[in-house]
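Q: Residues per chain, in single letters:
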Amino acid sequence: MDVMPRWADVILVPVISIILAFAISGLVILGIGENPWDALTTMVSGALGSTYGWGYTLYYATNFIFTGLCVAVAFHARLFNIGGEGQAALGGLGVALVCLAVPWPHWALALPAAILGGALFGAFWAAIPAWAQAWRGSHIVITTIMFNFIAAALLNYLLVNTLKPQGSMDPATARFPEGAHLPTLAEMLNPIGIPFSGAGPANVSFVIALLACLLVWVLIWRTRLGYEIRAYGHSEPAAVYAGISPRKIIMLTMMISGALAGLMAINNVMGEAERLVLNSVEGAGFIGIAVALMGRSHPLGVLLAAILFGFLYQGGAELALFTSIPRELIVVIQALVILFTGALDNMVRMPIEALFLRARDRRAAKASAEPPAGPEAKTEPAAR
Amino acid sequence: MTMMRTLLGAATATALTAGAGLAEPALIFDLGGKFDKSFNESAYMGAERWAEETGGEYLEIEMQSEAQREQALRRFAEAGANPIITTGFAFSDPIAQVAPDYPDTDFVTIDGYVDAPNVLTIGFAEHQGSYLVGVLAAMASEGDTVGFIGGMDVPLIRKFACGYAQGVKAVNPDATVISNMTGTTPAAWNDPVTGSELTRAQIGQGADVIYAAAGGTGVGILQTAADEDILSIGVDSNQNYLHPGQVLTSMTKRVDNAVYDVMMSGDDLETGTVQILGLADDGVGYAVDEYNEEMITEEMAARVEEAKANIISGDVEVHDYTSDDSCPDLSF
Numbered sequence: 001m002d003v004m005p006r007w008a009d010v011i012l013v014p015v016i017s018i019i020l021a022f023a024i025s026g027l028v029i030l031g032i033g034e035n036p037w038d039a040l041t042t043m044v045s046g047a048l049g050s051t052y053g054w055g056y057t058l059y060y061a062t063n064f065i066f067t068g069l070c071v072a073v074a075f076h077a078r079l080f081n082i083g084g085e086g087q088a089a090l091g092g093l094g095v096a097l098v099c100l101a102v103p104w105p106h107w108a109l110a111l112p113a114a115i116l117g118g119a120l121f122g123a124f125w126a127a128i129p130a131w132a133q134a135w136r137g138s139h140i141v142i143t144t145i146m147f148n149f150i151a152a153a154l155l156n157y158l159l160v161n162t163l164k165p166q167g168s169m170d171p172a173t174a175r176f177p178e179g180a181h182l183p184t185l186a187e188m189l190n191p192i193g194i195p196f197s198g199a200g201p202a203n204v205s206f207v208i209a210l211l212a213c214l215l216v217w218v219l220i221w222r223t224r225l226g227y228e229i230r231a232y233g234h235s236e237p238a239a240v241y242a243g244i245s246p247r248k249i250i251m252l253t254m255m256i257s258g259a260l261a262g263l264m265a266i267n268n269v270m271g272e273a274e275r276l277v278l279n280s281v282e283g284a285g286f287i288g289i290a291v292a293l294m295g296r297s298h299p300l301g302v303l304l305a306a307i308l309f310g311f312l313y314q315g316g317a318e319l320a321l322f323t324s325i326p327r328e329l330i331v332v333i334q335a336l337v338i339l340f341t342g343a344l345d346n347m348v349r350m351p352i353e354a355l356f357l358r359a360r361d362r363r364a365a366k367a368s369a370e371p372p373a374g375p376e377a378k379t380e381p382a383a384r
Numbered sequence: 385m386t387m388m389r390t391l392l393g394a395a396t397a398t399a400l401t402a403g404a405g406l407a408e409p410a411l412i413f414d415l416g417g418k419f420d421k422s423f424n425e426s427a428y429m430g431a432e433r434w435a436e437e438t439g440g441e442y443l444e445i446e447m448q449s450e451a452q453r454e455q456a457l458r459r460f461a462e463a464g465a466n467p468i469i470t471t472g473f474a475f476s477d478p479i480a481q482v483a484p485d486y487p488d489t490d491f492v493t494i495d496g497y498v499d500a501p502n503v504l505t506i507g508f509a510e511h512q513g514s515y516l517v518g519v520l521a522a523m524a525s526e527g528d529t530v531g532f533i534g535g536m537d538v539p540l541i542r543k544f545a546c547g548y549a550q551g552v553k554a555v556n557p558d559a560t561v562i563s564n565m566t567g568t569t570p571a572a573w574n575d576p577v578t579g580s581e582l583t584r585a586q587i588g589q590g591a592d593v594i595y596a597a598a599g600g601t602g603v604g605i606l607q608t609a610a611d612e613d614i615l616s617i618g619v620d621s622n623q624n625y626l627h628p629g630q631v632l633t634s635m636t637k638r639v640d641n642a643v644y645d646v647m648m649s650g651d652d653l654e655t656g657t658v659q660i661l662g663l664a665d666d667g668v669g670y671a672v673d674e675y676n677e678e679m680i681t682e683e684m685a686a687r688v689e690e691a692k693a694n695i696i697s698g699d700v701e702v703h704d705y706t707s708d709d710s711c712p713d714l715s716f
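Chains as they are written, first to last, in the working numbering: chain W, 1 to 384; chain B, 385 to 716.
Simulated from the structure, these hints should not be mistaken for laboratory data.
One should not assume that every hint holds.
To be verified - Taking CB as the label site, the calculated pair distances span:
hint, chain 1, residue 1, chain 2, residue 2, range
1, B, Ile-660, W, His-139, 49 to 59 Å
2, B, Thr-657, W, Thr-162, 31 to 41 Å
3, W, Ile-11, B, Thr-438, 32 to 42 Å
Just so you know, these numbers come straight off a predicted model, no measurement behind them.
Glycine included, every Cβ here is placed at the ideal spot set by N, Cα and C.
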């Protein structure tokens, strides 16, 4: 059955892929006449070497956790939700409307309401393509990607024409009230004696993201709905035979998926910008696809992959700030990581599988070559 | 630019208290990137001119994400850069957040607006410059229809379109101004293919002069206009040379001069004020050079110079879209 032990599948293969991606990035950096070692140390110290760096790394990671979970949940039903970008944008609209509607006295009240607003708007935006898929058979990949553009157009229209304070050049909403300010990690950790730089935008949303990971794990592997989602994903006819309604599964899965993308807005819109700006998602919806692929659609994998991409984003910013490596190169590094962990996964996986197979064969051969078949010899492997 | 690496040490040591007189200026480019053939590139040219003339060096960074704005401002301020110049309206809010924390650092926002004692706001009267090229467009047009193609649909671009439409209507009240925006995402600033399609669509509707205010997208608009043998109008930088004899003129917005002047004044920079660079101080204008002088007839030159004088003297007031989010001569 399984050729490789689980640890090799979830850790060894991705790690080798990442090392390969970094090695090739190093060659590219060498090619443009820069020092790859300097670049790497700049990235690592800038992203992970201080609480300042962590403040940004975790901020980006929080975005990617939400969008990664969004893609992962849908993928368990073999639905390829590419619409995280648009769903997160709509989530931003929901969060902004909630934050601006009421002069919130305290964030502890504003946050649950914003979570609800973001999740509902995100779910709504995913529900329309889901409906088209479930009832009309319109392919979810096509419809969700189209809905990204519709979301961008809708947000542009609203921000330029209605939500923008009059006379402002910036197509963005007004600032949220003070009471909707989410505590940053620094504001949370410093009072309990843990020093953390106040510069980074990472905030309480990171904790919500961790909770979301846990809840997704519970949903997929510990609930009836999760079982139905996975059953549907493995085989639609079998699921139908078992009495599972495909329409219900498509609708529910996509709406949960969209809600997770929409939740991202509590981090970038409410936690960081504290107002809704145009283009607030900035591609996090698409990064989510890479994160989910890399994380094998498992919440723990998504968490780790999201932190890796957070590291790439923040490390990349440090590169741009303090070396003359152009920003395009950072995109190259990110693309190589996605290429190796996503598209070229089998290139690494197959040789490793072959290695494990050979090791197993050798073990089996050794076992069969061992002393003649006697009663003790037969029971021994079982005891082992 | 290699001195940036030497800064690495300084920055990790958090605050470097450099003497104000020795400070290097810093320039932060907006998301469009340094080489957008337009707005940011113009700022870059100004900084390069300063560096060349004075032998000075400056720090720079191109934004990649919204969250980096505040990050870059703080890092440069802590590294002792002074003044810190930013391009793009989106920096208004981050500067308003950061500036009070660094009272000894001067910040400059080009196109934004921040009311703080250590911030200089530089704006451009794009509507006035656009009005003048609108006058030229209406006079060069053989029919009654001229076109406008913007980049992303944001208030700033509507300000361009609105000024242009007013200039056209001033010459020919019956003229039709067709206005299109390339898109609703930042990709619209760099989408020559869509720009080209829109140009063809506007030609189909009868436009024979098209004003492109669309950053990198404009390259496609100017190219298609030249291919289809109609006239086009460039923006921000002087783009007349791109298609000699086929680019009627360019609405110049001298971001380079603004950056150059700020860097030149160094410590003497006057902050806490708003500078609006308009026609009077050549902050905006229309470009005439050897590539287009034959197309600007004497009659056109006289008319546009008259309009310019009237705007400067205040006899003609060009409506600014962003003052009340509406335009008398164009609906969006």
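Q: Now, for every hint given, state plainly whether the structure supports it.
A: Hint by hint, here is what the structure shows:
A hinted range of 49 to 59 Å holds for the C-beta pair Ile-660(B) and His-139(W), which are about 52 Å apart. The given range of 31 to 41 Å is respected by Thr-657(B) and Thr-162(W), whose C-beta atoms sit roughly 32 Å from each other. A C-beta distance of roughly 55 Å is found between Ile-11(W) and Thr-438(B), which places it outside the suggested range of 32 to 42 Å.
The earlier numbered hint that this structure contradicts is number 3, and it is the only one.
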